[in-house]
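Chains as they are written, first to last, in my numbering: chain W, 24 to 194; chain B, 3 to 282.
Simulated from the structure, these hints should not be mistaken for laboratory data.
Hints are supplied without guarantee of correctness; some may be wrong.
[What the hints assert, rightly or not] Taking lysine-lysine pairs in the DSSO-like style, the calculated list, with each CA pair at most 27 Å apart, reads: (1) Lys50/B / Lys24/B; (2) Lys249/B / Lys50/B; (3) Lys50/B / Lys216/B; (4) Lys92/B / Lys255/B; (5) Lys50/B / Lys123/W; (6) Lys159/B / Lys98/B; (7) Lys216/B / Lys179/B; (8) Lys23/B / Lys33/W; (9) Lys23/B / Lys123/W.
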Amino acid sequence: MKDLWNDNIKIHLQHMMPVFFSILFILMFFIPSYPFVAESIRPCISLICIYFWLINRPDIFGIPYVFMIALVEDFASSSPVGSDIFAILVLYAITTSIYKFVSNKPFNIVWCGFIFVAFITLVVKWLVVSIYYSQFLAFSNVFFTFLSTIAFYPIFSIINVYIHVYFMQED
Amino acid sequence: MKLKRRRLLFLNFSKIRQLTKKFAIIILFIFAFVFMLISKTDTIVIEKTSSVAGDLLGPIIDTLSIPAKFIASSYNYVSSLRKTYEENAKLKEENKVLHELRNQIRALEIENRLLTQLLNYIQPPQAKFVTVRIVASENDAFSNSVIAYTGDVENIKSGQIVLTQDGVIGRIEEVGKNYSKIYLITDINSKIPVIIERNRVRGILAGDNTDLVKLVFTPISTDIRVGDRIITSGVAGVFPPGIPVGKVVSTGKNNIRIKPYANIKNVEYVKVIEYVADEN
């Protein structure tokens, strides 16, 4: 009985790993950068992590976890409250609808899928925030964020693969 | 009978669960939309929730930044060693100029004091300041802000001006128990009353999440030149007057752009100014 209880806790903890690490990565990018790091390079880590886990572990990474990550990002950032949740829900909706085209496919196809999803998500966020402020934000900045986000995807994919291998192996 | 009722209840419950699952995304979209509506109306609920969230997330980011700080200090140490000789020579030159300036300032101070007495002029209140450390920063397309540790500091209030040795960088927006959020002057929410130092024309410095800040509400006929210094005007009594903000870098039609003096993207320590205009 006790073993079963322990196993259940272990499985639950393993299932929480994607959320835990996603939040950790998001918060890491709030660390003030120092002279040797360009401050302008600020990818949307939440998009990378959520897309990765939705494609690779949709069985454990459901909408409550997606919402939890979005909520943390929303309150950590200074953009209008709700805008990050809105954008991430768009990402969730698109990713789940293209899931069958990108799951279990070579990395290039998965990456192309991410480029498409990230672009739509950032454009939606740009529109939502622009409507909120009744003023269009500079699209060039959004495009730069998009470029840095897609450039960071392979790096964080590798990190997430390691997380999957080392922390969720028995799952 | 009892079993039948239980089964019926279970069926109803699982139906509700299935329906909720099906419509979860729609419900959450509505939730996000409601959140934005509440945030737009600037209710105290959102402000308080944000400051609580800042107090919760601040220590985590602060802890996460320890290795980064160590790397940064090592990097700074090595690079400063390399530049020591050059800097020493530069500082000696600067020191000569400063000595001359000090004598001039002394003379001007005395003259100013005498003239002030003569005109019976009431001096504006002196601003006090405290130094705080930046623990988190966010500079992207959607927002430009930093979080500072203000736990040991009393009298931190929303609206207070924040600056570095070079000039204004922003103002306090949310005050938590230990951490406060600062909106940078480049943020879309930032509006600062300023004047052009050369011709004393007033305007408002408005951020739009880009690196260069916009100068708005200046008269159309105003003569604004590239290189003009922009300083705080002290209008509304929130900010002390005369603090440098930036310089004009472009003067297009309805698009006057200012480059902030302070390097707002790489700040470690900042000064928070406590200033009350109606104190005297």
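Agreement of Lys50/B and Lys216/B with the hint, judged by alpha carbon distance not exceeding 27 Å: With Cα atoms ~30 Å apart, Lys50/B and Lys216/B exceed 27 Å; violated.
Given hint Lys33/W paired with Lys23/B - CA-CA distance at most 27 Å: Holds, at about 25 Å.
Pair hint outcome, Lys23/B versus Lys123/W [Cα-Cα no greater than 27 Å]: holds (20 Å)
Hinted pair Lys249/B and Lys50/B, Cα distance within 27 Å: Measuring from Cα to Cα gives roughly 36 Å; hence the hint is violated.
27 Å limit on alpha-carbon distance, applied to hinted pair Lys50/B and Lys24/B: Given that 27 Å is the threshold and the Cα spacing comes to 33 Å, the pair is violated.
Lys92/B paired with Lys255/B [C-alpha distance capped at 27 Å]: violated (40 Å)
Hint consistency between Lys216/B and Lys179/B [alpha-carbon to alpha-carbon, up to 27 Å]: Status violated; Cα separation ~33 Å.
Pair hint Lys159/B and Lys98/B, alpha-carbon separation not exceeding 27 Å: With a Cα-Cα distance of about 40 Å, the restraint between Lys159/B and Lys98/B is violated, given a limit of 27 Å.
Hint consistency between Lys50/B and Lys123/W [alpha-carbon to alpha-carbon, up to 27 Å]: Cα-Cα ~42 Å, so violated.
Checked against the numbered hints given earlier, the structure breaks hints 1, 2, 3, 4, 5, 6, 7 and satisfies all the rest.
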